[in-house]
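Undergrad: First to last, the sequence lines map onto chains A and B. Residues 597 to 753, numbered by the working numbering, are exactly what the first sequence covers, in order. Residues 597 to 753, numbered by the working numbering, are exactly what the second sequence covers, in order.
The set of hints was computed from the structure by calculation and includes no laboratory data. The structure presented is a predicted model; accordingly, all values stated were derived computationally and were not measured. Accuracy of the hints is not assured; some may be wrong.
Identical copies look the same in the list; a pair holds intra-copy or inter-copy alike.
Claimed, not checked - In silico EDC-like pairs for lysine to aspartate or glutamate, Cα to Cα no more than 20 Å straight-line:
no.: 1; residue 1: K713; residue 2: E651
no.: 2; residue 1: K726; residue 2: D710
no.: 3; residue 1: K675; residue 2: E627
no.: 4; residue 1: K675; residue 2: D710
no.: 5; residue 1: K675; residue 2: E651
Protein chains: 2
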Amino acid sequence: MIYICLMALETTGDDFFMKQALREAQAAFEENEVPVGAVVVCNDRIIARAHNLTERLNDVTAHAEMQVITAAADFLGGKYLNQCTLYVSLEPCPMCAAALGWAQIKRVVFGAYDDRKGFTTLQDALLHPKTEVKGGVMGDDSAALLQRFFRERRKKS
Amino acid sequence: MIYICLMALETTGDDFFMKQALREAQAAFEENEVPVGAVVVCNDRIIARAHNLTERLNDVTAHAEMQVITAAADFLGGKYLNQCTLYVSLEPCPMCAAALGWAQIKRVVFGAYDDRKGFTTLQDALLHPKTEVKGGVMGDDSAALLQRFFRERRKKS
Chain A
597 MIYICLMALE TTGDDFFMKQ ALREAQAAFE ENEVPVGAVV VCNDRIIARA HNLTERLNDV
657 TAHAEMQVIT AAADFLGGKY LNQCTLYVSL EPCPMCAAAL GWAQIKRVVF GAYDDRKGFT
717 TLQDALLHPK TEVKGGVMGD DSAALLQRFF RERRKKS
Chain B
597 MIYICLMALE TTGDDFFMKQ ALREAQAAFE ENEVPVGAVV VCNDRIIARA HNLTERLNDV
657 TAHAEMQVIT AAADFLGGKY LNQCTLYVSL EPCPMCAAAL GWAQIKRVVF GAYDDRKGFT
717 TLQDALLHPK TEVKGGVMGD DSAALLQRFF RERRKKS
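Bound-form chain A, shown alone (with noise of 0.2 Å):
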């Protein structure tokens, strides 16, 4: 029973949802692009998935979670995530977090936190008031991906 138990946590947790944000995020870096990718859970269930797009696209707006929030809309066929949450392998920057504040999302749980770029690193807030944030989750694992892509772009330049 307690095997059970523990399984089911395993396909639900916070950990497992950020190991397929991370999933998108390899992706991203296998494309050449800053890892960094992100799905949306309602329900327990993915119902959108996206990574960083912004060299392929030419478009500094093509960030994981604007086009994941994009797709979970275009599934729930409504612009609120307010009974969605958003796991993303790294701190929403401002652009982001505030268009994470016009969905009203339920829940925001990062990965690693970005001390230059990150929301939280402002002084206003741009989420909506009642939206929940965990971040560091699988951190380490998100960190060491994008300081491999950063080192091998330097190598190549």
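With chain A fixed as given, assemble chain B onto it according to the hints.
TA: Quick look at chain B alone, frame taken from chain A:
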């Protein structure tokens, strides 16, 4: 000669381009979208134009500014708009201001101030430090269109 100079001003100045942004806002109004419009100008030429489409696209990220940034970058073939001016009929929200920050836009000219959601109400600076900002250009026209929109919406509901 004076006449010629005035004509030149009329077709290249901030009022001229703001009128184009207001035409986009009017198009949004006619589509039952919150009436906000934007154009991006490079070398006195409009390279992209867009209006708010949050209702039609069912997407909180579909603000006029976000779409015009994407369209302008697509036109230029480069992500950065550091030689361009954005004209937008309403003061950008934090999401759009942060996106304009990523795009390193040279100049932002906006119409009506937004005392509730405008980026200038924040303590944090979201634009690139080099970006020049001018607010209130034809702001009364923009505010009148917005007021008419919300008045008509209240009547319908």
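Undergrad: Is the C-alpha distance from K675 to E627 at most 20 Å within one copy, between copies, in both cases, or in neither?
TA: between (29 Å within a copy, 17 Å between copies)
Undergrad: As a check of your reading, is K675 near E651 (CA-CA no more than 20 Å) within one copy, between copies, both or neither?
TA: The answer is between: 8 Å across copies meets 20 Å, while 26 Å in one copy does not.
Undergrad: At most 20 Å between C-alpha atoms: does K713 with E651 qualify within a copy, between copies, both, or neither?
TA: For K713 and E651, only the intra-copy Cα distance (19 Å) is at most 20 Å; the inter-copy one is 30 Å.
Undergrad: At 20 Å max between alpha carbons, let me know whether K675 reaches D710 within a copy, between copies, both or neither.
TA: Answer is neither; intra-copy 27 Å and inter-copy 22 Å both fail.
Undergrad: Check K726 against D710 for me: Cα-Cα at most 20 Å, and say if that holds within a copy, between copies, both or neither.
TA: The answer is neither: 22 Å in one copy and 23 Å across copies each exceed 20 Å.
Of the hints listed earlier, those the structure fails to meet are numbers 2, 4, in rising order.
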